[in-house]
Amino acid sequence: MPAKHTHKTALQYIGLGLFALSLLVFTGMLALENYRLTEQDLLATMAPNPEAEGAGTPEASSTVSAGSSGGASDAAPESAPTDPRARLIYEVQAPAFREAATELRLTDQTFGSSFSFQDKVTEVFQAARERVDESVDELIANEELPEGVSEWDVRLSDPAYYTEKFAALTAAAEIGPVVDNPWLFFLLTIGLGVLGGILYILPKFGPHPGIKHDHIYHSQVTKGLNLGWRGFFLAATILGILLFGIRYMAGDWFWPAVTTAIGLLILGLVLWVEGSWHKTRVRAADPAGLSAYIGILAGTYLIGFYVLLYWTPAHVTPWITMVEPLKTALFGGTASQWFLYGLLYTLVILVMGVRMITKYRHNKYQLLRTGSVMFFQLAFAFLIPEILGALNKPQQDLKNIWPLDYDFFFGWQLDQFQSAGAVGIFMLVWGIVLIIVGVPLMVHLVGKRWYCSWVCGCGGLAETMGDPWRQLSDKSLRAWKFERWIVHGVLLAAILMTALTLYTYFTGAGSLLGFETWKVQKWYGFLIGAGFAGVVGTGFYPLMGNRVWCRFGCPLAAYLGLVQRFQSRFRITTNGGQCISCGNCSTYCEMGIDVRAYAQKGQDIVRASCVGCGVCAAVCPRGVLRLENSSVDAGYRTVPERVIHVSEEGVSLVD
Amino acid sequence: MHVAIIGNGIAGITCARWLRKLDDAVRITVISAESDYFFSRTALMYVYMGHQRWEDLMPYEPFFWPKNRIDLRRGYVEGVDFAAKTLQFREGEALPYDKLVLATGSTWNKFGWPGQDLDRVGGLVSAQDLEYLEQITPEIQHAVVVGGGLIGIELAEMLHSRHIPVSLLVRDTSYWRNTLPREESEMVSRHIRSHGIDLRHETELQEIVDDGAGAAGEILTQDGERIRCQYVGLTAGVRPNVDFLRDTGLDIDKGILVDEYLRTSVTDIYAIGDCAQLREPRAGRQAIEAVWYTGRMMGETLAYTLLDRPVAYDPGIWFNSAKFMDIEYQVYGEVPAHGRAGLATLYWEHEDGEKAVRINFEEDGGAVRGFNLMGIRYRQEVCERWIREEANIEDVLQNLGLANFDPEFYAEYEQDIIERFNEQTGSNLKLRRKRGLDAVLRFLNFNTRTPRAISTPDAR
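Going down the list, the protein sequences come from chains A and B.
If you're matching positions, the first sequence starts at 1 in full-length UniProt numbering and goes up one per residue.
If you're matching positions, the second sequence starts at 1 in full-length UniProt numbering and goes up one per residue.
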């Protein structure tokens, strides 16, 4: 029977079924648990007794480091002697929480969902906050505030700043089947998912090696969205993030407003100043027929996953509970959402890396490259930081580079490096050397690919899990214009943010020209580190291709790209006049480069955004493209229409 | 001046682009009955297989045409009034021109087979051919493809991707044997069969049998064998698409006859691409070469001539390329299917049977004449230079790394090829240059040259 899909073996259908089942359990388990909080746990988290054994919650960092998906910072607790300030905080806050919890019946009832539990926690927090304010007002009125203690040390601030603590409360309160059987759920979700993936992928070693692109544009998973749907998802996600951002910033709309203004400015620049508005017929990006509905579902699921993980960890505690025993068994300590994320991320890269290997097993460049991203994710992003954490050292991902690793120069991070002895100093020096020597030198020698498609974690995920969607990148000239403004804008923002950070670090001043450093850091972390890199960066794989973050957002890619464009030996060489303009290279360019536009004119290609994945060269049916390094003459060969046939002697190919 | 170009394929569009590049004032109209925009005909197969969308076949965004003031007109030209210099459209309109370029391309051959006009019989040349195939695909349980050339194997691969069993009928003893030397031809035949396609050598179509409803239901081979099928692909070559111009006074043989300046027998009318037939082709070349590359070169050449800077058409050193399912193919220079007296050949084949390199050279003197590559990529510019300068086979072999264009980390076989030569001749050559761009660019003198300005073309 004629069919517009690839044939699957029975094993593959079993694999798909197991994967679907694991996804169902993974999603459904969030609703299985109940929540019941003891007063002891409430106080231990919200207002710990400074004299109690092991008390003092660590200064949990709520930053998300883009690209570093490994274990995040679980900073070492500081053992501070009981000082009058901590004493006072405890004496004011603890009764407030105790009374509010009792009065609002937080501690003696069971909640059926994390949502009703969180509502109650927030309610209790607000009530406690009022009580604390009353007590502090009283202390001030009676002039009983001790010397050296500010009222703001004691008062509680906006609940938006307590996300991590609320998540800790939820974790402490969790009861139910997942708490009772974490390993069972681990096996039913992650275990089954990996097994299903492997069963689906292994039979792909069967058919003859070669390009495997049949039915990509027939599939409801991979054929993409029409521009209307794409525009809707883009607008809804951006608006959603900005609105949520106001809440995240505790009602301060200044930075969300600045972001909106910059966004509108870029829109105006591209559409009107650069004239894209008049070119209404841009290159179409619509699939034939309906949009890929499974792709839309997958994108929506991924967006939801990232929103929960980054911003409302209180609602995903069963996932963390489930991986807790693994974390304890392997590395000791307790699991956070970042351990969960790092584990999932690494497993996805490994399993989908095997898929990439089946697909390109005829191509040694792709094999080595895929092996490389699998290795760097497993070793550098996951295992080494976990082991460092177990040894009580900073959990630095040694392949992550500023400005992708945007909190590298944050005060707490610099302090941590300096307090971690020789290892910490090495990390600091290594990180700086990578920025000022490693990046320019390596990009000069081989192009930015050494990082983006061989080492980087974001690139690793894009090249493995994202590979089925690489064709969805927008190749229009308009998209390129947006790309240049946005990606260099993010680079500029990262530089300014870091400059402000270092100013604060070295002068001790908390703000410059009225811009508060911590707020700038917090907003950058929210908007770029989590929103752009995570929610849009990965959530949009099935909607706009697998390199949305790398192409439009990554400040390190922008930096690498500038070096690649102006000072690199790397180029993609076009083989004489052999191009037949078929478009495979452009279609499968994940960075949205219209490779064909160069190849059909015989031009060698030097583009800032090229990550050197080598797929254009792999899919070319005529052997026209090759990724090459040479210090000789990139200029002449990138001149348009290099393959000029007509010369004074007549017509010939360029010699 | 108004130049009207009939046909928006690679020849017509290249001509239009170069006209605009060379002259700001000329008015350009490109007429097509087939599609709104220029698309890559060679890539039609990828749409059917789901590798690309139809839009992805278009090399230029829609805004490109108004920006470059190239008027695109959708319509079918029914006749040309040479005296009044006017085109007549089927829709009834007329369009005056000053110079006319015929770039009407090809259509697939029918050789008078009984049943060749039945439903579910077709070739694969135009967008409409593809649309028709897509439309009837649900009815196809088994397909027969007739013709062992480039389109035949593409059509077989396409149908195969939809899980339709295909019988590929080839007249010769192995695939494309009238073009490929025996070893390469047999390699491709093996490869086709390894994909599960029913390849039948020395089998010719006798008749297509009606299924009773006016469509193909079965074919009969010349050996009397019957193959049930619901589709017959006719891919036994193409011929110039010039029927609407016959009996108009224009000199037409198989194609529109043109001189070396691509001028037809009627003043101010020119023909390029697949529809043009050279009155005096260069030595070793065909009068009609229906390939992408020659169409492109003709289009570019003609733009100069149209603007009164006459340039003779010179197709340069022959080159072509293709992909036979998973095996890439490139050819440079002289690679005759059945050899030539005085032409020696060095043939190396990888043990996996899917990679091969053939280098042809003069027995007498050793001048290199041609390269034939299967599953291995070589640089066109390097091979061309060796061929043009009649480099000696021994020099070529020792520097063979210069030609290698395979991706990084791929195994390099130049040493194996040299050893094969040493075995054959008793020489003791060694590879002096491995793969790498630095040496190539120096060899091609790129470092000493300055960029050529586009605004001042060389030809005056």
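Careful, some of the hints might be misleading.
Computed list of chain B residues with no C-beta within reach of chain A, every gap over 12 Å [unchecked claim]:
#1 G50
#2 I136
#3 L429
#4 R432
With the C-beta cut set under 7 Å, the calculated list includes, among others, these residues of chain A facing chain B [what the hints assert, rightly or not]:
#5 P2
#6 L104
#7 D214
#8 H218
#9 R361
#10 Y365
#11 Q578
#12 R596
#13 R626
#14 E628
#15 V632
In silico DSSO-like links for lysine-lysine, alpha-carbon gap of 30 Å or less [as the list claims (entries may be wrong)]:
#16 K430(B) to K364(A)
#17 K212(A) to K4(A)
#18 K601(A) to K21(B)
#19 K601(A) to K434(B)
#20 K481(A) to K434(B)
#21 K434(B) to K364(A)
#22 K601(A) to K67(B)
It is worth saying that the hints were derived from the structure and are not from the lab.
For glycine and all other residues, C-beta sits at the position ideal for the given N, C-alpha and C.
Item to check | Status of I136(B), Cβ more than 12 Å from any chain A Cβ | outcome: Non-interface label on I136(B) violated, nearest chain A Cβ at 10 Å vs cutoff 12 Å.
Checklist entry - Hey, does the L104(A) contact hint survive, CB to chain B under 7 Å? => result 58 Å, violated
Checklist entry - Is the hinted pair K481(A) and K434(B) satisfied, with a Cα-Cα distance of at most 30 Å? => result Outside the cut-off at roughly 40 Å; violated.
Checklist entry - Minimum Cβ separation between G50(B) and chain A greater than 12 Å? => result 4 Å, violated
Item to check | E628(A) as chain B interface residue, shortest Cβ-Cβ below 7 Å | outcome: 4 Å, holds
Checklist entry - Would the stated hint for R626(A) survive a check requiring a Cβ distance to chain B of less than 7 Å? => result 5 Å, holds
Checklist entry - Since R432(B) was said not to touch the interface, does its Cβ keep a gap of more than 12 Å from each Cβ of chain A? => result 19 Å, holds
Checklist entry - Should the hint that R361(A) touches chain B count as held when the rule is a Cβ pair under 7 Å? => result 12 Å, violated
Next on the checklist: Would the hint on Q578(A) be counted as holding, given a Cβ-Cβ threshold of 7 Å to chain B?
Outcome noted: 5 Å, holds
Checklist entry - Would the stated hint for H218(A) survive a check requiring a Cβ distance to chain B of less than 7 Å? => result Since the shortest Cβ distance to chain B is 4 Å, the answer is holds.
Item to check | Pair hint K601(A) and K434(B), alpha-carbon separation not exceeding 30 Å | outcome: Cα-Cα ~27 Å, so holds.
Checklist entry - Under the criterion that the straight-line Cα-Cα distance not exceed 30 Å, is the pair K434(B), K364(A) satisfied? => result 18 Å, holds
When each numbered hint is compared with the structure, violations occur for hints 1, 2, 6, 9 and 20.
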